[in-house]
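Colleague: So you can see what is in the structure, the chains are spelled out below.
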Amino acid sequence: MTYPVTVPVDDTIDETLDSAVATSQPGLMRSAWGLWRTRIGVALVVLLVGIAIVGPWVAPYGASEFVGTANMRDVPGTWLGTDYFGQDVWSRFLHGGRSILFLATVSTLIGFLFGSAIGLIAAYNRGRIDDVLMRFMDVILAFPQLLLALVALTTVGPKPWLIISIVGFTTIPRIARITRGAAVPVVERDFVAAAEALGESRFRIITRELLPNVIGPLLVEANLRLTYAIGIIAGLGFLGFATERNAADWGLMVQENRVALSVQPWGTVLPAIAIALLTVGTGLISDGLSRTVAGIDRGRPDS
Amino acid sequence: MTDQRKLWVPPTLGRRQLIVGAGAVGAAGLLAACGGDDDTASVNTTAPSGTTAATEPPGTTAPGAPATTAPGVTETTVPAGGIKSGGTLRVGVVGSTNDLMDAQYIVARADQARLITGWEPISNYDDNFNIAYNNSLAEEIEAVAPDQYVVRLKQGVEFHNGKTVGADDLIYSFNRLIDPELGIAPNLTQFIDANSFTKLDDRTVQIDLLKPSVAFLYGMADYGATIVPVDYARFAGDPATQIGTGAFKLKSFTPGSESVHTRFENYWGESYLDEVQIIDFADQSALVNALSSGDIDVAIDVPYAQAGSIESSGELTLLESQAGNWQTITMRVDMAPFDDVRVRQAMRLISNREEMVQRVLSGHGRVGNDMYGVLDGSYPKDFPQREQDIEAAKALLKDAGQENLEIELFAPDDTAGLPEYATAFAEQAKAAGINVTATVLDGGTYWGDQYTQRVFATSYWSTRPYLNQVGAGSLPTATYPETHWPPAGSNFVELYDQAIAEVDTDKRNELIREMQRQEYEEGGNIISYFQNLIDGHATYVKGAVARPNLINFDHFGRGWKNIWLDL
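Line by line, the protein sequences are chains A and B. Following the numbering used here, the numbering of the first sequence begins with -2 at its first residue and continues without gaps. Following the numbering used here, the numbering of the second sequence begins with 9 at its first residue and continues without gaps.
It is possible that part of the hints are untrue.
Example chain A residues on the side facing chain B (calculated, C-beta under 8 Å, incomplete) [to be verified]: (1) Y81; (2) S162; (3) G178; (4) A190; (5) N243; (6) A244; (7) Q252; (8) V256; (9) V260.
Some, not all, of what chain B presents toward chain A, calculated at C-beta under 8 Å [said to hold, decoys possible]: (10) P311; (11) A313; (12) Q314; (13) S317; (14) E362; (15) S370; (16) G371; (17) T431; (18) A446; (19) V448; (20) G451; (21) T453; (22) E510; (23) D512.
Calculated from the structure, these hints are not laboratory results. As the structure is a prediction and not an experimental result, all values here were calculated from the model. Note that beta-carbon positions come from the ideal geometry of N, C-alpha and C, so glycine has one too.
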């Protein structure tokens, strides 16, 4: 039997905490959706994810198909001309979103799963386990994310699994800290004590009592991490760490075509805009979520 | 030297500097010339040994000469109007604090520009790769025998310090080239030593080679085979020591920053400018930006990707010269699968050459025919142009039992064009049903121990006379035997030995034709294209002509004497 987590009984909790604890996930989403920033963010993300998913099917040319002289703006049969290697910029753009989205999503997911687990375990157990786990997280945090990725990729080579592991690995402590921070006050709450008194297993308490009560800030953080992951993976592509040569990849496209920026700007500008809109989109969503979680903008007429 | 590799889009300068460590050699040609059995140096050269096909039309020193009809002329900046004198020319070139100044030795392109500004070679090439004297100091070179040459210098040519150029200076210049301490052209030592020179009179020297080589004659036409005054030494801080015969003498030089050269009043030919500034830029983008903003008048070596921005500007002009620089995919003829000639032939039929030019060079080049030495008069232009023929390639591969070939094609990451060449080839090979994987390695690794050992790789060369190139890359004794040519049982080496000792041009060209035929039909190079040289300059800069050339901005205006400003 589960104690009803959505019903806070303690009147002394302050408003902010109350909202964090009291808001169930659907409610959170609904409130966030009421904010324009969230809607715009979702629209942007849907647009770009849509391009990434559908793009390869609607692209007029193959990603590495030769269509004409390199670095030309006006090439018959193309919308935006050719890139550094005589390929269709528009088609490359349509092909180039999948890898970055896939890598960013999977690595954030890994960071989210492990990070939240570690944060919750640390918060619930306190004491030595907490110390050991969180100090270990601090050690990981001490390494700059991009630097660590560069070292690993230079040593092993740009493999997709490695990019996912590194970005995921470095995301873990960031999510773990947020989770722990949000979960510690929840652990003190009566319903947790009640669950313990009822003899519920630790696993059950963590997943059923704690997790739902920290999901708000966790979602905000995960979204923010997704934004950073997109930035880092695009950055790695720009630095030449693409998973294969001449792969269609937004980050790599910026790098490949930047020399010709003054002659054929589309090869650089189009993927750069895509990356920017994608990160702005995820950023807006996390902003909307965080405002809802923190209780800012609540009660506005449109919400 | 290392940074140098990254500098150009068209890597005209030698990569092997890296490998050899010695750096590129100014006296390139010389070395190359001797290339026969050896020479590292030649290859290192930055500027191709054959300094070039393109010189002024014989007898012309005036820049006002009409754009000549040399083949490959794509554009001219020579105006119809009269030539104006005076003014300062600001030339931008990629350089670094490693820049040096030596009359016979260079490492990077900035050094090349400064060498050509201050010094002149013994002879030079005309537009057809024949020996000429209009941009050089010899009056005549007589080939008495394949191992004996007599050089007579022009009368009354003055050095910057007023001394007359004489036989002693010529002998000193040769000895300086082979000075082991300087290491400028160590491989030249197999052809000449200190006893090779006999002074016949004040301006005539007889050279007796240790062994016959007509390539030696061509080597003297290299831009690096300059004449320096007795006791000349490399720049070490004092501009006054840099004595040459060029139209501009050194006023100041700060490596990595700039050099200033002022008009030499007693120059033996004509010149128009008051002053030339050669300004260093860290990279090509900065160079092109400086040109666009008017900070410099000439940008030497513009990346292909940015050529369009210069073309589209009303105030700037693009000078595009056909060149003989080539990039190649090398197949080892002594190793499987390429020890089977059918597999080599199939690979050559896979390459879509026109597509390569458009993809890799953005159209700034022309298709190749699997032969090198394109600017050499002996180049067999009449051999049929090889075209992509996937069906024929498939049939050859099937005959050879290689229809499912899987192979790795290596390229270095430090040479623009090669990774793209390999990638494009891998793409085209799919059509023939074989799986070529383009693997790009770090430059240091690529040009290291395994260079010339890989079965399937890429490489690039500047151009030099055919025989000199054979000596550098296509003999068992070659310095860089990339394809391990010739195959067992071939008479290629005998042909080479005969050709190198043949003074008669027609007879020699016949021998060369047979050698070219062998390489054309069975060789291990896939030469899909030759790259153009591209420079940008303000429209008011006149005097440079686009024609087949090996050195940028029309051979640096032959020491800037041909250049004038229409201000």
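Colleague: Now look at each hint and say whether the structure bears it out.
Modeller: Right, here's what the structure says about each hint:
1. Annotation: Y81 (chain A) was flagged as interfacial toward chain B, and the flag holds, the nearest CB pair being 6 Å apart, inside 8 Å.
2. With a cut of 8 Å, the hint placing S162 (chain A) at the interface with chain B is violated, because the nearest CB-to-CB distance is about 23 Å.
3. About 44 Å separates the beta-carbon of G178 (chain A) from the nearest beta-carbon of chain B, more than 8 Å, and the hint is not met.
4. Interface hint status for A190 (chain A): violated, as the beta-carbon distance to the closest one in chain B is roughly 60 Å, over 8 Å.
5. Given the 8 Å rule on beta carbons, the hint for N243 (chain A) holds: about 5 Å separates it from the nearest Cβ of chain B.
6. With 8 Å as the threshold, the beta carbon of A244 (chain A) stays out of range of chain B, its nearest partner Cβ sitting at about 11 Å, so the hint is violated.
7. Restraint check, Q252 (chain A) versus chain B: the minimum CB separation of about 13 Å is more than 8 Å; hint violated.
8. A distance limit of 8 Å between C-beta atoms decides the matter here; for V256 (chain A) the minimum to chain B is near 4 Å, and the interface restraint holds.
9. For V260 (chain A), the interface hint holds, since its Cβ comes within 8 Å of a Cβ in chain B; the closest pair sits about 4 Å apart.
10. Nearest Cβ of chain A to the Cβ of P311 (chain B): about 6 Å, under the 8 Å cut. The hint holds.
11. Nearest Cβ of chain A to the Cβ of A313 (chain B): about 4 Å, under the 8 Å cut. The hint holds.
12. At about 6 Å, the closest approach between the beta carbon of Q314 (chain B) and any beta carbon in chain A falls short of 8 Å, and the interface hint on this residue holds.
13. Because the smallest distance between the Cβ of S317 (chain B) and any Cβ of chain A comes to about 4 Å, under 8 Å, the interface hint for this residue holds.
14. A cut of 8 Å between beta carbons decides the hint on E362 (chain B): the least distance to chain A is about 10 Å, and the hint is violated.
15. Residue-level restraint check for S370 (chain B) holds (minimum Cβ-Cβ distance to chain A is 4 Å; threshold 8 Å).
16. The interface hint given for G371 (chain B) holds, since its Cβ lies 4 Å from the closest Cβ of chain A, which is under the 8 Å cut-off.
17. The beta carbon of T431 (chain B) is positioned within 8 Å of a beta carbon in chain A (closest approach about 5 Å), and the interface hint is therefore held.
18. Below 8 Å, beta-carbon pairs count as interface contacts, and A446 (chain B) has one with chain A at about 6 Å; its hint therefore holds.
19. With a cut of 8 Å, the hint placing V448 (chain B) at the interface with chain A holds, because the nearest CB-to-CB distance is about 6 Å.
20. A least Cβ separation of about 13 Å between G451 (chain B) and chain A goes past the 8 Å threshold, and the interface hint is therefore violated.
21. For the restraint placing T453 (chain B) at the interface with chain A, the shortest Cβ-Cβ distance is roughly 13 Å, beyond the 8 Å limit, so the hint is violated.
22. For E510 (chain B), the suggested interface contact is broken, since its CB lies about 43 Å from the closest CB of chain A, more than 8 Å.
23. Hint on D512 (chain B) is violated. Least Cβ distance to chain A is approximately 44 Å, over the 8 Å limit.
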